[in-house]
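Protein chains in written order, with our numbering: chain V, 1 to 685; chain E, 1 to 197; chain G, 1 to 146.
Just so you know, the hints here were simulated from the structure itself, not pulled from any lab data.
Keep in mind the model is a prediction, meaning the values are calculated, not measured.
Beta carbons: idealized from backbone N, C-alpha and C, even for Gly.
Among the clues, some could well be false.
Unchecked claim - Distance condition first, Cα-Cα at most 25 Å in a straight line; then the derived SDA-like pairs of lysine to any residue:
| no. | chain 1 | residue 1 | chain 2 | residue 2 |
| --- | --- | --- | --- | --- |
| 1 | V | 599 | V | 539 |
| 2 | G | 57 | E | 165 |
| 3 | G | 41 | E | 43 |
| 4 | E | 164 | G | 42 |
Stated by the list, open to error - A short list of chain V residues far from chain E (calculated; beta carbon distances all over 10 Å):
| no. | residue |
| --- | --- |
| 5 | 7 |
| 6 | 8 |
| 7 | 21 |
| 8 | 81 |
| 9 | 153 |
| 10 | 297 |
| 11 | 312 |
| 12 | 332 |
| 13 | 334 |
| 14 | 335 |
| 15 | 440 |
| 16 | 485 |
| 17 | 553 |
| 18 | 566 |
| 19 | 595 |
| 20 | 631 |
As the list claims (entries may be wrong) - Covered, in the sense of this in silico footprint (three residues per stretch, anywhere, with C-beta under 8 Å from a C-beta of chain G), are these stretches of chain V:
| no. | stretch |
| --- | --- |
| 21 | 124-130 |
| 22 | 360-371 |
| 23 | 612-624 |
Okay, here's what each chain looks like letter by letter:
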Amino acid sequence: MIGLLAHNALLVSVATVALGAILTPIAIRTGRREWLQLVYGAVYTNFLLVSIATGLMIVALVTHDFSVSYVAAVGSRATPLLFTVISLWGALEGSILFWAWVLALYAAAVVWFHHGRAGNLVPYATMVLLATAAFFAVLLVGPADPFRPVFPVPLDGPGPNTLLQNHVLMAVHPPLLYLGYVGMTVPFAFAFGAIVSGEAQSNDWSYLSRRWMLASWGFLSAAIIAGMWWSYEVLGWGGYWAWDPVENASFLPWLTATAYLHSVMVQERRNMIRLWTLNLCISTFVLTILGTFLTRSGILSSVHAFTTGTIGYYFLALIAIVLVLALVLVAGNSEHLRSRGNLGGAASRETVFLLNNLFLTAVTLTVLVGTLYPLIAEAVRGVKVSVGEPFFNRMTIPAMVALVFLMGVGPSLPWGSTSWPEARKRLLPPLVAAVLLAAAGVLAGARSVYAILAFACVGYAAMANVREFWTGTRARHRAHGEVWPTALARLVGGNRRRYGGYVAHIGILFVALGVTASSTFRSEREATLRPGETLTVAGHTVRLKNVWGREEPQRSVIGATMDVLGNDGAVIASVEPRMNYYHVSDQPVPTPDVRSSIKGDLYINLQAFDANGAHATVKVIVEPLVPWIWFGGFVMVLGAGIGMFHGGRRSAEARAIAGGALPAAPDVARMGVGVGVGVGVGVDA
Amino acid sequence: MNWGRATVAVLTAVPVIALFAFGFTRDPGEIPSPLPGNPAPDFSLAVFAPGEGTLSRSVGDSIRLRDLAGKVVVVNFWASWCVACRDEHVALSETAREYADRPTQFIGVLYNDRQNLGLRWIEGMGGQSYPSVTDRGSLTAIDFGLYGVPETFIVDPAGRIAYKHLGPISARVLRSKIDSLLPAAMPTGMTPRDSAP
Amino acid sequence: MKRAPVLWGAGAILAVFAWLLFGGLQENVVFFLTPQELLAKGADGVGVPVRLGGQVKPGSVVWDAETLDLRFTVTDGAQEMPVRSTGAPPQMFRDGMGVIVEGRVGGGGVFQASELMVKHSNEYRAPKPGEEAHEKYKTLIKQSTP
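One chain only, chain V, in its complex shape (with noise of 0.2 Å):
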């Protein structure tokens, strides 16, 4: 019943995107605009039609409505109602649909903030986002349908896959991943909507799609970090990041966002790389395009990869005839996408921001090409290969370490031209951080150069971006005579983009020290021991107290409990690695115990056991600085937060909301609740 209904509005779903996108430049070519308001209906109707599908859904999963053929794969009686609900991303038809839904509610909210805006920009946007919509309408009523009926009904089912019901992260990482991913179809759908109606000289379509995009720049970010963390807690192997396609897919398009990020400010201040930035925009969409289909179609090995079907195919049609419009419409127009700027001085904030691009491009093409190597090798020469962490390593850090650097020479230069002195005056400051750390770093015991030169580059960027809060206050506080909190509060509400932007970079030096930091002075050890026996790994001691049993609903867990014991001996904590067996898995899934604390983590993993308990084998790892990776991550999802929030630049708001049918500052400040909402979600896992 919950099916048919469910499949039902589906298929409404599909006529009313269809007929949307087609009416659309019907209704503009023959000048009928109110036509355009039934265009608009269509997004409002198939977000609804959608948010049924999908609350139906929801309701099939916890009432156990095994009739309904996804439930049937991913329901078990046995799994707690949270992973229950959450298991509707867990496996591929479900994550489909929830796809569709964050694509609908995008859709809506574009249409909702900006249908008042004249010209044809927004109609052509709407128009790229129905069909996208369309696209994804037909996955669900085709192969991808999750509401099959299936017959004779089972009585239970499996439950959803082991790795994703075993921590509570998943219930975060995935829609913060799919906002950030869907959300970059709006910048595109700008993008695209800007060539067509002829806009994309003036800068009114970037002020648009710049806010979409760094909202969705946010919710990927966050979801990076949570992916990382999630992968941290629950794979057991001490580590967040191994290049692994799945990962590298996430990747491609952040880098390829924030260099757009940075880019628009270059087109907007400057009136140069506009076609640069436009193709950033586009390269954006088609990554996160291209990143589905990598990881739904199979055809690269990974840990993560998802169980297959025909709907590759439909990815690589969607990919061919994406990537065929946005060449033609970008080569065909290049004439007049063209930028007129000129670059200032060669020490100015826009010669920092174009080697901002470089690096984060050559990044993009080295992560990509990495990516796809063991294809090409294959389709090329015949031979099967891996491409493993030290070509991505080796190629990646060094252009990660620079654009670390870059990040402290940008906001101390201006914009236009500066002289040298001028310039030297404000580079310099920062080194004395710079060698700080350093030095800080090598007393550590780090050795590796680009360890150093990371260390060297985090604390100069550092110093830099933090001059940038104190300088200004300051400044307030003498002139104005505010007390400190009061004058920083103004100074970031003054140009909050701005002032987002240097959190952002902060957030993102947090992760940078963290990374560097657990991968220098990363030590660990595994041993097996009796109970009563200690492992000692850079000076923190573990010992064995017992192994132990326990039944649960959906899973059988076997734990150790260990002492961490302090220097004098005493017991100062208590942890308890386990293994997870579910009961339909032949695969158990680890769950090691971390102890945070501001200085690192300890981590222990309950590696083997005796099947009666004798000893147990774990393994023991020090990783400093690993939860300063984490809350980088949500001082970035904060900065993003502040940018949102901008109103530096309200006159050319209003300006490109014409007509006036929504005042700038209410959207903003709702689109601003959303990520609020998304940090909420971030902090509370």
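Fit chains E and G to the known structure of chain V by using the hints.
Just chains E and G now, kept in the frame of chain V:
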């Protein structure tokens, strides 16, 4: 709209899309295996036991698998220390003679053994109708993924491994496999068996 | 802005970058080989990092919990390769299962594994009767349940 530029741009997308389409024909998790159907690894090995009559090749000549294209090639790995090899010896020798006037070539490959021991073994077994070669360093055995001796590979006229036989092979199996691979059947009454002595 | 010098500059940067990139790939690519393919490389296969794929030969797994010394044999049906590794075997490690080990062939023709990857199957496979955790570890579970 500049259609020329657009076309050039679109053409650059073609290899990318083709690459992904190619990806569908691959299973990244698959472990490649030297199973029948794959091209036989080529080799060029020196004859140490000449064989008899029309089938013989002079000692020291090398036999190159690639040169035998168009023929059904029977590659038999054997050793003097191998007990099971004695069981199949007569079947191989006689089948080779039966098919002497058909496009076939039998080759013995001495595996992990010394030439003089191999020669003495052939003498003791009453001769070998086809030539045998030595495989220094067992490189060819490794190429073929030898599991143990005896092991026999039948390579079709196109150079593909059509059949792989573990353990001693019988004349009946040899005949049926070779017959199925030979291009056309001989006229009736002229079966190869008639030419056997 | 004059176009030609900019294009030349961009081309030069791109060329250097491509050269670095493919140079890096040549040096850092890890070949995926079966025991047979690895053995076929002879001396060329010794000491270079490879990924060895195949099945765990039944009966070949020996693990010493005290020294954490793990030995087993990987076979592709044609050839086999002894593998040595340090650390606990993954919990799901068992005879006949598909594995990929990353490492290199050391002295004596033994493959020294630095990383052991068990091929996760995407599909669910319920444990066989007698293989269920609550069966296998029932003494442990009974002991600790009051």
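We went through each hint and held it up to the structure:
no., hint, in the structure
1, 599/V with 539/V, "13 Å, holds"
2, 57/G with 165/E, "21 Å, holds"
3, 41/G with 43/E, "15 Å, holds"
4, 164/E with 42/G, "23 Å, holds"
5, 7, "28 Å, holds"
6, 8, "32 Å, holds"
7, 21, "21 Å, holds"
8, 81, "34 Å, holds"
9, 153, "33 Å, holds"
10, 297, "7 Å, violated"
11, 312, "7 Å, violated"
12, 332, "4 Å, violated"
13, 334, "6 Å, violated"
14, 335, "6 Å, violated"
15, 440, "43 Å, holds"
16, 485, "53 Å, holds"
17, 553, "33 Å, holds"
18, 566, "47 Å, holds"
19, 595, "37 Å, holds"
20, 631, "36 Å, holds"
21, 124-130, "violated (count 0)"
22, 360-371, "holds (count 5)"
23, 612-624, "holds (count 5)"
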